[in-house]
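Chain by chain, the residues run as shown.
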Amino acid sequence: MQDQNQQAYDRGTSIFSPDGRLYQVEYAREAIKRGTASVGVRTADGVVLAADRQVRSPLVEEQSIEKLHRVDDHIAVASAGHVADARQLVDFAREQAQVNKLRYDEPIGVESLAKEVTDYIQRYTQSGGVRPFGVALAIGGVDPDGTPKLFETDPSGTPYEWKATAIGGNREALQGFLEDEYRAEMDLDSGISLALETIAQGEDDEAVDPAAAEVTVVDTETHRVRSLDPEEIASHLDELDGGEADE
Amino acid sequence: MQDQNQQAYDRGTSIFSPDGRLYQVEYAREAIKRGTASVGVRTADGVVLAADRQVRSPLVEEQSIEKLHRVDDHIAVASAGHVADARQLVDFAREQAQVNKLRYDEPIGVESLAKEVTDYIQRYTQSGGVRPFGVALAIGGVDPDGTPKLFETDPSGTPYEWKATAIGGNREALQGFLEDEYRAEMDLDSGISLALETIAQGEDDEAVDPAAAEVTVVDTETHRVRSLDPEEIASHLDELDGGEADE
Amino acid sequence: MQDQNQQAYDRGTSIFSPDGRLYQVEYAREAIKRGTASVGVRTADGVVLAADRQVRSPLVEEQSIEKLHRVDDHIAVASAGHVADARQLVDFAREQAQVNKLRYDEPIGVESLAKEVTDYIQRYTQSGGVRPFGVALAIGGVDPDGTPKLFETDPSGTPYEWKATAIGGNREALQGFLEDEYRAEMDLDSGISLALETIAQGEDDEAVDPAAAEVTVVDTETHRVRSLDPEEIASHLDELDGGEADE
Amino acid sequence: MQDQNQQAYDRGTSIFSPDGRLYQVEYAREAIKRGTASVGVRTADGVVLAADRQVRSPLVEEQSIEKLHRVDDHIAVASAGHVADARQLVDFAREQAQVNKLRYDEPIGVESLAKEVTDYIQRYTQSGGVRPFGVALAIGGVDPDGTPKLFETDPSGTPYEWKATAIGGNREALQGFLEDEYRAEMDLDSGISLALETIAQGEDDEAVDPAAAEVTVVDTETHRVRSLDPEEIASHLDELDGGEADE
Amino acid sequence: MQDQNQQAYDRGTSIFSPDGRLYQVEYAREAIKRGTASVGVRTADGVVLAADRQVRSPLVEEQSIEKLHRVDDHIAVASAGHVADARQLVDFAREQAQVNKLRYDEPIGVESLAKEVTDYIQRYTQSGGVRPFGVALAIGGVDPDGTPKLFETDPSGTPYEWKATAIGGNREALQGFLEDEYRAEMDLDSGISLALETIAQGEDDEAVDPAAAEVTVVDTETHRVRSLDPEEIASHLDELDGGEADE
Amino acid sequence: MQDQNQQAYDRGTSIFSPDGRLYQVEYAREAIKRGTASVGVRTADGVVLAADRQVRSPLVEEQSIEKLHRVDDHIAVASAGHVADARQLVDFAREQAQVNKLRYDEPIGVESLAKEVTDYIQRYTQSGGVRPFGVALAIGGVDPDGTPKLFETDPSGTPYEWKATAIGGNREALQGFLEDEYRAEMDLDSGISLALETIAQGEDDEAVDPAAAEVTVVDTETHRVRSLDPEEIASHLDELDGGEADE
Amino acid sequence: MQDQNQQAYDRGTSIFSPDGRLYQVEYAREAIKRGTASVGVRTADGVVLAADRQVRSPLVEEQSIEKLHRVDDHIAVASAGHVADARQLVDFAREQAQVNKLRYDEPIGVESLAKEVTDYIQRYTQSGGVRPFGVALAIGGVDPDGTPKLFETDPSGTPYEWKATAIGGNREALQGFLEDEYRAEMDLDSGISLALETIAQGEDDEAVDPAAAEVTVVDTETHRVRSLDPEEIASHLDELDGGEADE
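Each protein sequence line maps, in turn, to chains A, B, C, D, E, F and G.
Read left to right, the first sequence gives residues 2 to 248 (the numbering used here).
Read left to right, the second sequence gives residues 2 to 248 (the numbering used here).
Read left to right, the third sequence gives residues 2 to 248 (the numbering used here).
Read left to right, the fourth sequence gives residues 2 to 248 (the numbering used here).
Read left to right, the fifth sequence gives residues 2 to 248 (the numbering used here).
Read left to right, the sixth sequence gives residues 2 to 248 (the numbering used here).
Read left to right, the seventh sequence gives residues 2 to 248 (the numbering used here).
Take these hints with a grain of salt, some might be off.
Estimated spans, in silico, between C-beta atoms of each pair [as the list claims (entries may be wrong)]: (1) E:ALA208 with C:ALA235: 38 to 48 Å; (2) D:ASP206 with F:PHE93: 16 to 26 Å; (3) F:GLU186 with E:GLU63: 50 to 60 Å; (4) E:GLU63 with F:ASP20: 26 to 36 Å; (5) F:ASP206 with D:ARG227: 24 to 34 Å; (6) A:GLU207 with B:GLU63: 26 to 36 Å.
Hints are computed from structural coordinates only; laboratory data are not their basis.
Bear in mind that the values here come from a model prediction, so they are computed numbers and not experimental data.
Each residue gets a CB set at the ideal place from its N, CA and C atoms; glycine is no exception.
Build the full structure now, drawing on both the sequences and the hints.
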């Protein structure tokens, strides 16, 4: 895929290519595409994060395949890509949330946290001797003032705010689906359904196994991260099938 | 584009080419050209910074595409190029502004700040193991004595003061437009219009979407950074259309 | 096996390949396959870890071939791959267990310990100048609340929880055997038998030498790591032969 | 220009070529030649530093193109070459001047300052991982005992004292002109004229734009750095035209 | 011997080959084979370490060719391979023994010491910029509880416990001899004879020069390291000759 | 001049060639040959150091071309080769002289100083990441006990004591001249003449320009470094012409 | 001399060749062969160190060519190979001797000192970024208990004790001569003669210039290092000639 010229500039983070690209950052984006997708949807009364766990064996405990992570009472993270890298960033995010609470005696804002994380990521793109993080995060939560927020980080360390986003494998297709289906006025329940439906687009048979799906919400009422149990997820999936039949 | 000879000298910041060039710094300039343009205009009663956010998806929150950054009450920054690198420099600039306030009990001058930033940038061009910053900044503000000032930084770490400047993609064309249209006696309102008009030159259809445009001003009366809301921007754009029709 | 292109990206941990892979981590997985297998089985009343010591000479003291390691009163580890690397991780795990006890005055949870270890492993995959750990661990134990747990670590630093797992040489075949034979309702005794039977699948003659086999259990009653003596192992193996004869 | 052999030794400061040359230092000299010239002239009653600002655009504030820098009350510096590198050395010189004042309670001598700067420059020519400074400085001032002094630094870190010198592009031609025209008995006014005339030799039309020229003097009476305003410069240039007409 | 592919992965300790091997560790094992053999034999009433000094010249003081080293009152070490590397490890072992005594007020166990040493060795196999230790050690001694113990270290940092072992040149042949001749019920005297006999297998004429042989024992009665004098060694050798004649 | 084989070993100070040479040290000696020569002559009543300044331009202040340096009241240094490197060593020598005075309350001996300097030089020949010093020094002075001494340093860091020596360009020819003309019983005046005559051998016309020559003496009476003024030098040169005419 | 394969492994101290060799250490041994020989002879009543100074020019002070070094009152060192490296090791040895005196209030033993030095040397053979010491030392002295001792160090860091040894150029031939001529019962005077005779074997005309020879002895009576003056050396040489004539 890459010619001689590219190879001359793609083996270090401390080097630009002649056309101003950072190849190692671009390769890290490829690492993200190798993972399964995660989805984030922001609604008027909360944020939804959803993921499909890639179950490798019936003997693996599905809940140990971590794609959704609790960062603080009011903020959660969905990851896609290199799992071990995601854990490093989630640990960093947790520390920042604690530090903020100790220093200012109030919960960290979602945007502040997203920017602390992206600034940390950026440092792995400018110095030699390290590689960029091979992971994307969707950071969702409710600000102390009650506003739901959804941010995304990429391996370059750029933060973007989204109404709804998909990260990981099949991103383009899933983003397209979200663009078609997303409505600003959605409530949390519709958000959960949209997130699960989007995840389903990435499956071969466009169906999600309720046991393998993972959904976490932060609503504007409680300001608390809550993971849906398989029954809740199954009930949403049932509804979807019904709804789709109606179309 | 580059021959064997160039390749021998372009993979590190700690190396001159035989003709005395620093290729990595030149490649970082290419990274800047890959971004959309930002514009700065200095007028008698304040400085204008404007940018067109490159909206990738209708689901992205436009205001999260940061091209204009508040650094202190009286200084703002427009960036072009690598977004994550810009954030690092803006963070550095904010710290310098705070340090100055604590140490001297008065706001930092725009030139002082610009030079702190460029000295910091230079250090990434002389040592091995790091790459230069792939970003240009237009630093605008009002000095404590009420003088409006506009500076630009580049990846080599050289500070220049401008009456008006464009950074990022299409720079040459936009600079040319500014050279033609800039008048020293402009007031802040005309400056805003000129900035938006310049931005428009970089668009395919020479039109700016008011929702995507971002304008920040620092005026000599309040000495305060103020971001224009979409209505204000739209009204300026309407005026421009009218004005252009008059020509 | 690998072409020119792969060689360009496989000699350092601080570099992604163009398709987003970390070759050094993949090569470390090959180092694990070079070792003999270890097996972990989680049952309702405890966790079983088993291994077959690769005896190189009749003069070697078999018990000095360490494949099972006691980490704390309630947690043990089975390793596969590079022995000396395993010892480093076990030492790290022991320290973490001690630190937890001192800090919180209670035994460390199995999952917490597994994640401390995988976070440590990850750091050897992102910086230059080191190589990844060439070892996989099965970490088994009983949580303070009495829940038996079984985790696995790999050279990328990803933690997974398993009902039963095999690491090291012949992993695919042994995992397949476990998937066929594992029952959730098994008691500890059946777990020991399954673990030994699985180990036997990796032997040329599908038989395990009781003197060479090593079995450690942590049961939910005592919360204590206990190593079976050769007689106990032999009696389990006898039973297996009888059982197999029955089939 | 350079053959294979040269390339083997020219990519690091920590390496001699077989014939005892330091190529990176020589390439840094090429970087200096890429800049416009600066001139220093020592007269009986003071030192003159002059430079022609390379104006890239009518929108650039000419005075922000820094080629002359005030280092202390009694010492100024003219630079040629890499602007950002010059700023680093000027910052270093300013610190040294302050340190000297604090330590000995008297202004630093011009020679002492020049040698502090060249010793600092030398360190960037003997260790790996950095590049030499791509800049030459003309350091002019009046010693505490009233003696005017003019020193020059180059990328190797060698200090030389001059009666008059030109650094930067066209150096050879300008030095030749100075050798022809310099008189030891010149007064400060004649020195200013000679400096401007020398600068003019480097221009295509052998004329200097008074607005673009920059002249700084340190006289033996006040011991103070003083920048000439454009009117003073223009009047000197007028005189020159008259004088040349006389020839 | 090695092809292009191997060369791509064999020049650093911080790199795995595609099949999961650490070539530098394997090459360090070759360094051990270049040395003469040392032998360790564990008997019921003590441990025997023996070595044949490779006398290069009649002018060398044989006793200065250190192959056996006293580490503590109750532990000695036999080395094979790179002599200077052996000295580093022996120094490290002595320090560990002292530290243990100070910290716990009792002699260090043989296994503990062996594992401290191998953990230290492992660190030279995982980081760049160093090479592995080119030496194997046989560590023999009597534990505080009176148990005789014999461990071996290799360049990978793996500890193994042996009943009897040979390290260095001709290892395979000597190990084979030990496997044939070793009896678990041997007393210390028989152990000394077996060790000398094994050493003799490595000689061209299968005879050991008593003056060149070096034997150290640690018995379970005194717990003390004791070096045999040449007369004792000679008497053992005489016995052997007689015994062999008998066969 | 150098073939492939040499190139394999000549690009670092931390590497021997297969025949035991340090090429970078040899290349540093070439850097010395590129400079003009300096001469040292030891006589019964003092030491003479002389040099011919290579005047590049009539506008350079000759006395700023430093080839002779005062290190302490009683010791001076003549250098040849890389000027900026010489300054580093002279600075180091001055510090050592000061330290000695503070520590022992007496002037440092010439030999002690020479050895401090050479030990410092050696460190730049054994570690990677730096290059050797491209300079030779002739260190002359009078010991506290009144003995005149003359030492020489080279880039390897070897100190030698000389009766008379020449360093820099044309060294072989000048050394030969000194060997022919030196007499042990010379007085200081004859020493000055011999030094100047030797310098003249290196000139194209075998004549020395008194203004360009630099002579420093340390005599056994005053123990003080003294630089000859141009008149003294001229008078010696006149004598020489006369003397030569006599021959 | 060396093929492609060797070159792949010979440019760093932190790398073994596939057959377990350390090429940089072997090349350092070549550096030793480039020097003139030094000789050490141990006799019943003291140790003799002798060397022939390689006089490069009649103007060099012979006694400044340091091949024999006083380390402490009772220990001296003869060196062969890279002179500046020898000085570093001698400085290190002197420090160790002082440290021992301060710590234990008694002179350091010869063997202890030799091992401190070789352990120091070893560290330059296991880490990247440095080269081994290109020097061999013969360390001779009298232990506090009155025993004369002679040790040798090589670039690998291995210490050996000798009755008599030659280091440097022609080592093999000189060692052979020593093996033929050495008698254990020699007195100090015969030792001096043997040392000088051995040195003479290395000369083209098998004759030693008394002025160029250097002899140092440490006798068991005084425990003091003493350098022979040229007259003593000459008288020994005369004796030798007479003795040889007798043969």
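Okay, the hints, checked on the actual structure:
no.	hint	verdict
1	E:ALA208 with C:ALA235: 38 to 48 Å	46 Å, holds
2	D:ASP206 with F:PHE93: 16 to 26 Å	51 Å, violated
3	F:GLU186 with E:GLU63: 50 to 60 Å	56 Å, holds
4	E:GLU63 with F:ASP20: 26 to 36 Å	33 Å, holds
5	F:ASP206 with D:ARG227: 24 to 34 Å	47 Å, violated
6	A:GLU207 with B:GLU63: 26 to 36 Å	32 Å, holds
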